[in-house]
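Student: Modelling step: build the complete structure from the supplied sequences, incorporating the hints.
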Amino acid sequence: MASDLLHVTVLSIFVSVSATLLASAMAVPLGTVMGLHKFRGREVVKTFTYTLYGFPPVVAGLLIYLLLSQRGPLGSLNLLFTPAAMILAQMVLVFPIITGLTMSSVSQVAGEVKETAMTLGADRWQTAKTVLNEARIGVISAIMVGFGRAIAEVGAVLMVGGNIRWHTRVLTTAIVLETRRGNFEYALVLGAVLLTVALIVFFVLKRYQDKGVKI
Amino acid sequence: MRAEDICKRFDGKKVLEELSISVSCGELLAIIGPSGVGKTTLLRILNGLLYPEDGDVYFKGEPLTFEDEKDLDKRRKMALLSQKPYPFKDTVWENVAYPLRLRSEEEIDDKVSDALEHVSLLEMADRRAGTLSSGELQRMAFARATVFGPDVLLLDEFTAHLDPYNISVLEDAVEWYVDSKGAAAVMVTHNLFQAKRISHSTALLFDGRIIEKDSTEKIFEYPEDERTEAFVNGEMVF
Ligand SMILES: Nc1ncnc2c1ncn2[C@@H]1O[C@H](COP(=O)(O)OP(=O)(O)OP(=O)(O)O)[C@@H](O)[C@H]1O
Ligand SMILES: [Mg+2]
Numbered sequence: 001m002a003s004d005l006l007h008v009t010v011l012s013i014f015v016s017v018s019a020t021l022l023a024s025a026m027a028v029p030l031g032t033v034m035g036l037h038k039f040r041g042r043e044v045v046k047t048f049t050y051t052l053y054g055f056p057p058v059v060a061g062l063l064i065y066l067l068l069s070q071r072g073p074l075g076s077l078n079l080l081f082t083p084a085a086m087i088l089a090q091m092v093l094v095f096p097i098i099t100g101l102t103m104s105s106v107s108q109v110a111g112e113v114k115e116t117a118m119t120l121g122a123d124r125w126q127t128a129k130t131v132l133n134e135a136r137i138g139v140i141s142a143i144m145v146g147f148g149r150a151i152a153e154v155g156a157v158l159m160v161g162g163n164i165r166w167h168t169r170v171l172t173t174a175i176v177l178e179t180r181r182g183n184f185e186y187a188l189v190l191g192a193v194l195l196t197v198a199l200i201v202f203f204v205l206k207r208y209q210d211k212g213v214k215i
Numbered sequence: 001m002r003a004e005d006i007c008k009r010f011d012g013k014k015v016l017e018e019l020s021i022s023v024s025c026g027e028l029l030a031i032i033g034p035s036g037v038g039k040t041t042l043l044r045i046l047n048g049l050l051y052p053e054d055g056d057v058y059f060k061g062e063p064l065t066f067e068d069e070k071d072l073d074k075r076r077k078m079a080l081l082s083q084k085p086y087p088f089k090d091t092v093w094e095n096v097a098y099p100l101r102l103r104s105e106e107e108i109d110d111k112v113s114d115a116l117e118h119v120s121l122l123e124m125a126d127r128r129a130g131t132l133s134s135g136e137l138q139r140m141a142f143a144r145a146t147v148f149g150p151d152v153l154l155l156d157e158f159t160a161h162l163d164p165y166n167i168s169v170l171e172d173a174v175e176w177y178v179d180s181k182g183a184a185a186v187m188v189t190h191n192l193f194q195a196k197r198i199s200h201s202t203a204l205l206f207d208g209r210i211i212e213k214d215s216t217e218k219i220f221e222y223p224e225d226e227r228t229e230a231f232v233n234g235e236m237v238f
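If you're matching them up, the sequences are chains S and U in order.
For the first sequence, counting from 1, position 206 maps to 206 in the numbering used here; every step adds exactly one.
For the second sequence, counting from 1, position 114 maps to 114 in the numbering used here; every step adds exactly one.
Hints are computed from structural coordinates only; laboratory data are not their basis.
Please read all numbers here as calculations on a predicted model, not as lab measurements.
Check the hints yourself; a few may be wrong.
Here are the simulated DSSO-like cross-link-like pairs (lysine-lysine), alpha carbons at most 30 Å apart as the crow flies [stated by the list, open to error]: (1) Lys14(U) with Lys114(S); (2) Lys89(U) with Lys114(S); (3) Lys46(S) with Lys89(U); (4) Lys14(U) with Lys38(S); (5) Lys206(S) with Lys89(U); (6) Lys196(U) with Lys77(U); (7) Lys38(S) with Lys77(U); (8) Lys84(U) with Lys211(S); (9) Lys114(S) with Lys70(U); (10) Lys129(S) with Lys84(U); (11) Lys129(S) with Lys218(U); (12) Lys211(S) with Lys89(U); (13) Lys114(S) with Lys181(U); (14) Lys181(U) with Lys111(U); (15) Lys129(S) with Lys70(U); (16) Lys114(S) with Lys111(U); (17) Lys206(S) with Lys129(S); (18) Lys114(S) with Lys77(U); (19) Lys77(U) with Lys60(U); (20) Lys114(S) with Lys196(U); (21) Lys218(U) with Lys181(U); (22) Lys114(S) with Lys84(U); (23) Lys89(U) with Lys129(S); (24) Lys60(U) with Lys70(U); (25) Lys77(U) with Lys129(S); (26) Lys89(U) with Lys38(S); (27) Lys13(U) with Lys38(S).
Here are some chain U residues the structure puts well away from chain S; computed CB gaps all over 12 Å [as the list claims (entries may be wrong)]: (28) Val15; (29) Arg103; (30) Asp114; (31) Ser201.
Facing chain S, a subset of chain U residues (Cβ under 8 Å, in silico) [stated by the list, open to error]: (32) Ala79; (33) Phe193; (34) Arg197.
Yeah, the Cβ is synthetic: ideal placement off N, Cα and C, and Gly gets one too.
Tutor: Here is the structure:
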């Protein structure tokens with residue numbers, strides 16, 4: 001049982017950290033660009049992004065299921081019921097959250113920081129980096145919220161992962177299973193581990209909020 | 001530095017109209033004028049942050065294009081100090097080092113400590129910039145704006161709302177900078193005593209134009225234009 005717990009925990013961390021990092025790699029630059037520039041249709045894009053926060057996980061799961069199933073467009077990759085499918089599902093769910101929160105924290109400081117950086121001689125790229133660095137508290141919170149949503153997710157990973165022992169079973173899907181079996185104690189242990197993992201990741205990220213990075 | 005026939009509108013409202021002005025090396029020019037006449041706007045245009053609808057700005061004889069990246073070399077030789085500077089979320093030291101890092105300069109440590117020394121902030125180098133008082137913050141901003149040795153210094157009411165001690169430290173620092181580097185400075189101020197105290201020349205901005213520019217002494221003692229006379233005597237100008 002201990003090795004079972006370890007496997008489930010490690011897989012959970014691997015899937016959710018990968019999903020958050022991959023989503024952030026696209027969402028943070030996108031959110032920064034959207035927060036820096038006042039383009040036409042920005043309000044529409046903003047509203048659309050916020051709507052996606054509430055995107056039902058099971059619908060995301062369904063869409064990815066259809067995409068990856070034998071007869072789906074990506075069926076030949078044989079990704080259904082693999083950790084890769086679970087990563088994909090979590091990415092879809094956290095991408096809009098990280099984009100939207102990055103955009104709003106960047107746009108809050110953009111005006112002042114942009115002007116200060118430019119009067120001190122920053123080029124366009126340096127200005128963007130400075131704005132992102134000044135908005136880091138919000139941006140890192142965005143990543144935390146995204147990770148929180150990813151690791152707590154059940155519906156979508158159950159659908160596209162299948163909760164297969166030693167293969168795609170993660171903390172949340174294991175909790176569902178053990179509860180159904182009546183193993184409440186083990187389910188509670190899994191729950192405690194889930195919370196601990198989330199806390200540790202938050203503390204690691206928090207350090208970057210305080211310190212920032214050099215341009 | 002020279003601006004010629006500058007016109008600027010906001011939403012169709014004319015703020016600057018065929019304004020021309022120039023300032024040369026070693027000159028500290030004060031710009032005075034009633035609130036809302038476009039003094040801040042003028043400084044932002046000189047700095048290349050705002051583009052004028054018409055007219056040109058010349059930096060050492062070469063025109064600004066007002067396309068950020070093309071003007072970068074020129075912008076990097078100017079500094080703008082505003083009334084409310086923004087402190088980066090870092091230490092005082094890092095704030096002052098920032099413009100040097102942008103330019104990949106060397107001997108950053110020496111330059112930063114010299115700049116901080118001049119505004120008596122060296123002992124606060126490790127403080128978070130966000131915790132400074134407004135006077136200390138403005139001194140830090142001055143160090144940050146001059147550490148890279150700009151040839152033109154643009155000052156926008158840079159001592160407004162400060163106490164006498166900080167005002168005098170900052171005024172001394174500006175005078176020292178202009179004298180020792182031979183830099184040109186344009187100082188927008190509402191404080192006529194400040195203009196009298198440190199500027200070499202003074203110009204009155206009114207109605208979108210420079211009404212009169214002359215040595216500070218002449219502007220205050222023997223103004224030629226009646227609007228200048230009224231303004232320096234503290235009367236309303238129409
Ligand atoms: N971004 C803007 N959009 C619209 N109008 C603006 C903008 N910036 C400035 N203005 C207007 O242009 C005029 C000149 O503004 P500016 O800030 O240059 O005045 P100022 O001389 O610096 O005033 P003060 O002495 O009060 O600082 C004002 O009427 C102001 O309302
Ligand atoms: Mg102003």
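Student: Are lysine 89(U) and lysine 38(S) close enough, with their CA atoms no more than 30 Å apart?
Tutor: Holds, at roughly 24 Å.
Student: When you check the alpha-carbon spacing of lysine 77(U) and lysine 60(U), does it fall within 30 Å?
Tutor: 10 Å, holds
Student: Compare the distance between the alpha carbons of lysine 129(S) and lysine 218(U) with 30 Å, and conclude whether the hinted pair is satisfied.
Tutor: Distance ~48 Å between lysine 129(S) and lysine 218(U) Cα, so the pair is violated.
Student: Mind checking the alpha carbons of lysine 181(U) and lysine 111(U) for me, to see if they're no more than 30 Å apart?
Tutor: Roughly 15 Å separates the two Cα atoms, so the pair holds.
Student: Does lysine 89(U) sit within 30 Å of lysine 211(S), going by the straight-line distance between their CA atoms?
Tutor: The given pair, whose Cα atoms are some 9 Å apart, holds under the 30 Å limit.
Student: Does the structure keep lysine 206(S) and lysine 129(S) at a Cα separation of 30 Å or less?
Tutor: 19 Å, holds
Student: Just to be careful, I want the Cα atoms of lysine 114(S) and lysine 181(U) compared with a cutoff of 30 Å; is the pair within it?
Tutor: Answer holds: lysine 114(S) to lysine 181(U) is near 28 Å, not above 30 Å.
Student: Tell me if the straight-line CA distance from lysine 206(S) to lysine 89(U) falls inside 30 Å.
Tutor: Holds. Lysine 206(S) to lysine 89(U) sits at ~15 Å (cutoff 30 Å).
Student: Between the alpha carbons of lysine 14(U) and lysine 114(S), is the straight-line distance 30 Å or under?
Tutor: 26 Å, holds
Student: For aspartate 114(U), which was marked as not at the interface, is the minimum beta-carbon distance to chain S over 12 Å?
Tutor: Since the minimum Cβ distance to chain S is about 17 Å, aspartate 114(U) lies beyond 12 Å and the statement holds.
Student: With a cut-off of 30 Å on the C-alpha distance, tell me whether lysine 218(U) and lysine 181(U) pass.
Tutor: 26 Å, holds
Student: Sort out whether lysine 77(U) lies within 30 Å of lysine 114(S), counting only the CA atoms.
Tutor: 18 Å, holds
Taken one by one, the earlier hints fail for this structure at numbers 11, 20, 29, 33 and 34, listed in ascending order.
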